[in-house]
Amino acid sequence: MYKGIYLASMGMLADITKLDTLSNNISNAETAGYKSDSLAFKAYFDKNLYSFNPMPQEKKVEIKKIGNFEQALILDQVKTNLSQGVIEHTGNALDFAIDGEGFFVLENNGKRLYTRAGNFKVNDEGFLVNSDGAYVLGKDGQKLKADDNLIEKILVVDLENPKKIGYTFFEGQEKAKKNFRILQGYIEKSNVNIVREMVKMIEATRHYETLSKAVTVHDELLNKSINSAGSLK
Amino acid sequence: MINGLYTAATGMWAQQFKLDTLSNNIANVDTAGYKKVKTEFQDLLYDYSKNAGAATAQNSLHPTGIYVGHGTKLSATTRIFTQGNLERTGNSLDLAVSGDGFFQVQLQDGRIAYTRDGQFKVDGNGRIITSNGNLLSPNIVVPQNAVALSISPDGIVTAELQDGTLQNLGTITLVRFINPSGLKAIGDNLYLETPASGAPVEGTAGQDGFGTILQGYVEKSNVDIVKEMVDMISAMRAYELNSRTVQTADEMLRTASNMKR
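Chains as they are written, first to last, in full-length UniProt numbering: chain F, 1 to 233; chain H, 1 to 261.
Hints in this document: simulated from the structure, not taken from any laboratory. It cannot be assumed that every hint is accurate.
Said to hold, decoys possible - Keeping only pairs whose Cα atoms sit at most 30 Å apart, straight-line, the calculated DSS-like set for lysine-lysine is: (1) F:K163 with F:K213; (2) H:K50 with F:K111; (3) H:K73 with F:K143; (4) F:K111 with F:K145; (5) F:K145 with H:K73; (6) H:K73 with F:K47; (7) F:K189 with H:K50; (8) F:K42 with F:K153; (9) F:K47 with F:K175; (10) F:K3 with F:K59; (11) H:K50 with F:K79; (12) H:K184 with F:K163.
Said to hold, decoys possible - Covered stretches of chain H (chain F as the covering partner; in silico rule of three or more C-beta atoms under 8 Å from a C-beta of chain F): (13) 2-11; (14) 14-25; (15) 32-44; (16) 64-72; (17) 97-108; (18) 178-190.
For clarity, every value in this text was computed on a predicted model and none was experimentally measured. Positions of the beta carbon are idealized from the N, C-alpha and C atoms, including for glycine.
Isolated chain H (complex conformation):
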């Protein structure tokens, strides 16, 4: 049939995929620590029926070739780890990283996951956990007689006890990856290490390029709603254009079939 029919279909599929990603970004516009995802496309392979530079006769060459492309494909969905807005909540267990670095969280199965969502809670045993019950790693245990908790920009956790004394509970460390875009998102605002992300590098907040920890703040998502809407409009129009191509190919086939009477 007509090649262009299938070529246009690849274009429609690509835009549909883009919309799926945009819609996930928009759905997570209010998710703390969410990092937006960008879709990238590439053209597909080309069919060369005549190569540029091939001989036309003994002393002449084709200046340009004859080829036809096969449409577009998704090349990557890249997560963009730019800083989200920091919102002040005043809650002593809300932590935000200003700059580079992830909090470490221990999953129920023992694996370590990474997150930018610093809305921590305390469980019945005084351990600092995420809203899903995963332990913050290295874990900090808040004593039962603590009345206030303060966390310094470099991650040192200090509790003020009922008798007014201060107790050092430990340090919250951060990790960095050479290629954070290579991390695997597993939902619940968590990421896992992959061979593409590189190994985690642990360090102290505020040192060696790590960001500082802000107590009483939450990092909002870095989704820029205006950008997403503009992208949505352009995806919709591109989809429409490709559907026109499908329609045109269809019309051409109908014309061809109507020639025989």
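Isolated chain F (complex conformation):
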């Protein structure tokens, strides 16, 4: 059938994927330590277009590349935007924010997890934990007891290829930390830029609408060629 009808529909699916990601960003606009995601698409099945110019006198054909033709659009990658979120003053001594790069290191069932959400608690044994009960680790790699000089003791590391795993946790390979400082009594809010997300959403809706028009136009053409072409009217 028509190539275009499939091309347009792939574009529509891409817009839906975009909305899914925007929607996740917006619903987490109030989640402490959340980092927003953005999507990158790429063309797939790139095909070259040639023009053929037969030259009978010279007994040859001149072939000239005149451009390329993209057959489909697919999602290439999802990028996490690790920029600093807004730092809000809470006054709660168990709230910590990292100003700069790095992640807090938490341990749950022997597994190390990383987060930017510093809204910690104290458990019944006096250890600093997060709301899921994962232990916050100190500079010597040990579980931390809550006391007066926590700021000096909390471990912060930088990550190679941080990967989101939900519950504001990241996974990745630790690497040496860079410039940062820890603020007590502050919380890092999410870095979602609402205006940007809304603009992207408008863009996705309109793009989607345009493509749906393209599908209907193609459909009309098919209708013409099936029902009208060849009839004597």
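Since the structure of chain F is already known, use the hints to place chain H on it.
Just chain H now, with coordinates in the frame of chain F:
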């Protein structure tokens, strides 16, 4: 259907919950000893269709993955036990703790509950009780011929009798918890111990980090009305934004269904 539709719904639900908590804080702005509650959120799990670091070919790796998140969830409602404002009432049975520590109250079923609300009364038998009739623990009995009651900052209760003599009635002790946020609120300004709060540690007011007892004062709630209002505005806007996402997903579905004629 469209994933984002449900993702946005989690966001709306989260903000609704936040409003419920804010509204309880605001409703209790004048409740003696009330401690405000803060809601905290986390993002939900991610669906990875392609992992970062997976091989694209023999010698190359995907620098970033492809994934989609599923929205937000409530991770905790944390009670913030900061000091509330102390208001002078002049009433000899109004007690406030300045610093760390809870009063102990014996419930009708014998269990001990904990409170920061120190507006005590005396019942017909002279026992010190809360406004719900729960006994202060350890209980203090005021003799019938007492004309004045004085409570020292470290909790020693002394009564002045009609003949002018002073009588020591006992000591009001305080308790602390390693994790007060783990206490279970049961209403009536009372809290119960839970495995998360740790066991109560009893001590004398003014010693070992315990706060002092102030007679004639009431501890007001620690709700900061400006902060609550700002949070309410931001919750409302976040709710609105999520509803826009629902609307957009709906529009997209309508567009899709209109393509077929």
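So, going through the hints one by one against the coordinates:
1. Taking the CA atoms of K163 (chain F) and K213 (chain F), the gap is about 38 Å. The hint is violated against a cut of 30 Å.
2. The hinted pair formed by K50 (chain H) and K111 (chain F) meets the criterion: a straight-line CA distance of about 23 Å does not exceed 30 Å.
3. Between K73 (chain H) and K143 (chain F) the alpha-carbon distance is near 26 Å, which keeps this suggested pair within the 30 Å criterion.
4. Simply put, K111 (chain F) and K145 (chain F) have alpha-carbon atoms about 19 Å apart, close enough for the 30 Å limit, and the pair holds.
5. Our distance criterion of 30 Å between C-alpha atoms is met by K145 (chain F) and K73 (chain H), whose separation comes to about 28 Å.
6. Taking the CA atoms of K73 (chain H) and K47 (chain F), the gap is about 45 Å. The hint is violated against a cut of 30 Å.
7. For the given pair, K189 (chain F) sits about 28 Å from K50 (chain H) by alpha-carbon distance, which is consistent with the 30 Å threshold.
8. Between the alpha carbons of K42 (chain F) and K153 (chain F) the distance comes to roughly 45 Å, so the proposed pair goes past 30 Å and is violated.
9. Of the pairs offered as hints, the one joining K47 (chain F) and K175 (chain F) is violated, with about 42 Å between alpha carbons and a cut-off of 30 Å exceeded.
10. A hinted pair counts as satisfied when its Cα atoms are at most 30 Å apart, and K3 (chain F) with K59 (chain F) does not qualify at roughly 34 Å.
11. Restraint check for K50 (chain H) and K79 (chain F): satisfied, since their Cα atoms lie roughly 12 Å apart, inside the 30 Å limit.
12. Using a Cα cut-off of 30 Å, the hinted pair K184 (chain H) and K163 (chain F) is violated, with the two alpha carbons roughly 36 Å apart.
13. Here's how the stretch 2-11 of chain H fares: 8 of its residues keep a CB closer than 8 Å to some CB of chain F, so the rule of at least three is met and the hint holds.
14. Taking a C-beta to C-beta cut-off of 8 Å, the stretch 14-25 of chain H contributes 3 residues in contact with chain F, enough for the three needed, and the coverage statement holds.
15. Using a Cβ-Cβ cut-off of 8 Å, 6 residues of the stretch 32-44 of chain H lie near chain F, which meets the minimum of three, so the contact claim holds.
16. With 9 residues having a beta carbon nearer than 8 Å to a beta carbon of chain F, the stretch 64-72 of chain H meets the requirement of three or more and the stated coverage holds.
17. A count of 0 residues in the stretch 97-108 of chain H with a Cβ less than 8 Å from any Cβ of chain F is obtained; the coverage claim is therefore unmet, three being the minimum.
18. For the stretch 178-190 of chain H, the stated coverage by chain F is satisfied: 4 residues place a CB nearer than 8 Å to a CB of that chain, which reaches the threshold of 3.
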